[in-house]
Amino acid sequence: MANSSKKTTGEGCISLFGIPFFQNCLKGSTDNNDKRNLVIHLSTEEDYSSDSDDPSIEISGDPSSGSNLVSHLVAHLLSSNGDETGDVCKMHFEGALDGSDVLAKVVQVIEKRGFTPENTRYAQSVCPDEINQEEGDITDIFTKYMGEVFNMGGLAGLPFIGRTGFAAFTHHVADEGHCFVLMAPRIGISATHKLGKYTRDGQHGQQVSACGAAVGALEHCECGKKPPSAKYDFLDSQMNFIIRQVNANKKAILKNAKTEDEKMKALVHQIWKIGKYMMLDDIVHANFGGKNSKLLVLTGIQINMPRPYQDMFQPLTFTMLSKDKSSSTSQKSSKNSGESAPNKVEDLFQETFGHKAPNIFV
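Under our numbering, the first residue of the sequence shown is numbered 1, with each subsequent residue one higher.
Treat the hints as calculated values from the structure; they're not laboratory data. The structure presented is a predicted model; accordingly, all values stated were derived computationally and were not measured. Incorrect hints may appear among the rest.
[Said to hold, decoys possible] Straight-line C-alpha distance at most 25 Å; calculated PhoX-like pairs for lysine-lysine:
no. : residue 1 : residue 2
1   : Lys90     : Lys356
2   : Lys263    : Lys273
3   : Lys194    : Lys112
4   : Lys356    : Lys105
5   : Lys231    : Lys255
6   : Lys255    : Lys273
7   : Lys225    : Lys273
8   : Lys258    : Lys273
9   : Lys225    : Lys258
10  : Lys344    : Lys112
11  : Lys291    : Lys273
12  : Lys105    : Lys194
13  : Lys291    : Lys263
14  : Lys255    : Lys225
[As the list claims (entries may be wrong)] Simulated restraints on C-beta separations:
no. : residue 1 : residue 2 : range
15  : Glu135    : Tyr232    : 37 to 45 Å
16  : Lys225    : Asp175    : 23 to 31 Å
17  : Gly205    : Glu84     : 14 to 22 Å
18  : Ala252    : Val345    : 46 to 54 Å
19  : Glu134    : Gly205    : 17 to 25 Å
Quick reminder that beta carbons are idealized off the backbone N, C-alpha and C, glycines included.
Construct the entire structure; sequences and hints are all you get.
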């Protein structure tokens, strides 16, 4: 164990679980090599000092022991100083944010457009793996903010519920209510900074694939195996679909991938492309509820970070769909036939995140 210790004091304001904390009040110390010995003094008062009477919280413990609050605080402490794991995430996934930061930016934009947890139904298409549902993940934070969630996703986070599933979801909307959909395939970053890998609790020294379905599909195709026949899809329909799509896009995935990390990054972005352009865009629409009902669609990459880091999210698109009021005849006929009427689309990405969406297919 190293003798040196790194003390950290941040600046500005952060938000954890919807509570604003001032980083100049967030003080902690960790051993450089062994972060199990951690003490954090936390206050919601901006003028907190060590000898003030202001209420504060002292948290101590092992961030790998399952204490999510400690894990989140450790992540903020580490990220404020710069660290190799955080740098790996930023290098490969431009504009990645933690879930609380994403929610704060999104809420600023959607509240002024009339979206509230009371009038908005929330759905998400993410991989069902339990590590995507941990406290502090974007999935957890958005669900808590919205109050409930309708699950759209299957393997690799793809929206396998299809048009029928989306129709069922929108039937739950109030007469003049709205909908919000999040779609996010995932990728892991291991404790040794390998993309497409993840170290699970209790599996010491083992690094498993993340996302296992996407990586498994690519391995199947790289071995030269034929894609599975659609004849037996009812036994493993989702995985068979993923293998066929990865095989169809194998050249694009491998084209510029000179390293294993680059290959894993290209793979998850290709899975996102399949989910967004081949599936989601043909599933979702704003033809539900009342004449002013709207749909928000946020998509990106969910990044499973090694402990004690908080998972991250790379936003890639954020749009709002509303009824095209100039096409009322088309809307009526399309609704009767079960097809989606034309919708007006507003791009909210730059307003929300302060920069243009990253071009992931350069």
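Hints versus structure:
1. Lys90 / Lys356: Holds. Lysine 90 to lysine 356 sits at ~16 Å (cutoff 25 Å).
2. Lys263 / Lys273: 15 Å, holds
3. Lys194 / Lys112: It is violated: about 41 Å lies between the C-alpha atoms, which goes past 25 Å.
4. Lys356 / Lys105: 14 Å, holds
5. Lys231 / Lys255: Answer violated: lysine 231 to lysine 255 is near 31 Å, above 25 Å.
6. Lys255 / Lys273: 16 Å, holds
7. Lys225 / Lys273: 23 Å, holds
8. Lys258 / Lys273: Roughly 21 Å separates the two Cα atoms, so the pair holds.
9. Lys225 / Lys258: With a Cα-Cα distance of about 22 Å, the restraint between lysine 225 and lysine 258 holds, given a limit of 25 Å.
10. Lys344 / Lys112: Holds: lysine 344 and lysine 112 sit about 18 Å apart, inside 25 Å.
11. Lys291 / Lys273: Distance of about 31 Å is beyond 25 Å: violated.
12. Lys105 / Lys194: Roughly 29 Å between the alpha carbons, so the hint for lysine 105 and lysine 194 is violated.
13. Lys291 / Lys263: Answer violated: lysine 291 to lysine 263 is near 45 Å, above 25 Å.
14. Lys255 / Lys225: With a Cα-Cα distance of about 19 Å, the restraint between lysine 255 and lysine 225 holds, given a limit of 25 Å.
15. Glu135 / Tyr232: 37 to 45 Å: Once the Cβ atoms are compared, 39 Å apart, the range 37 to 45 Å for tyrosine 232 and glutamate 135 holds.
16. Lys225 / Asp175: 23 to 31 Å: 51 Å, violated
17. Gly205 / Glu84: 14 to 22 Å: 20 Å, holds
18. Ala252 / Val345: 46 to 54 Å: 26 Å, violated
19. Glu134 / Gly205: 17 to 25 Å: 21 Å, holds
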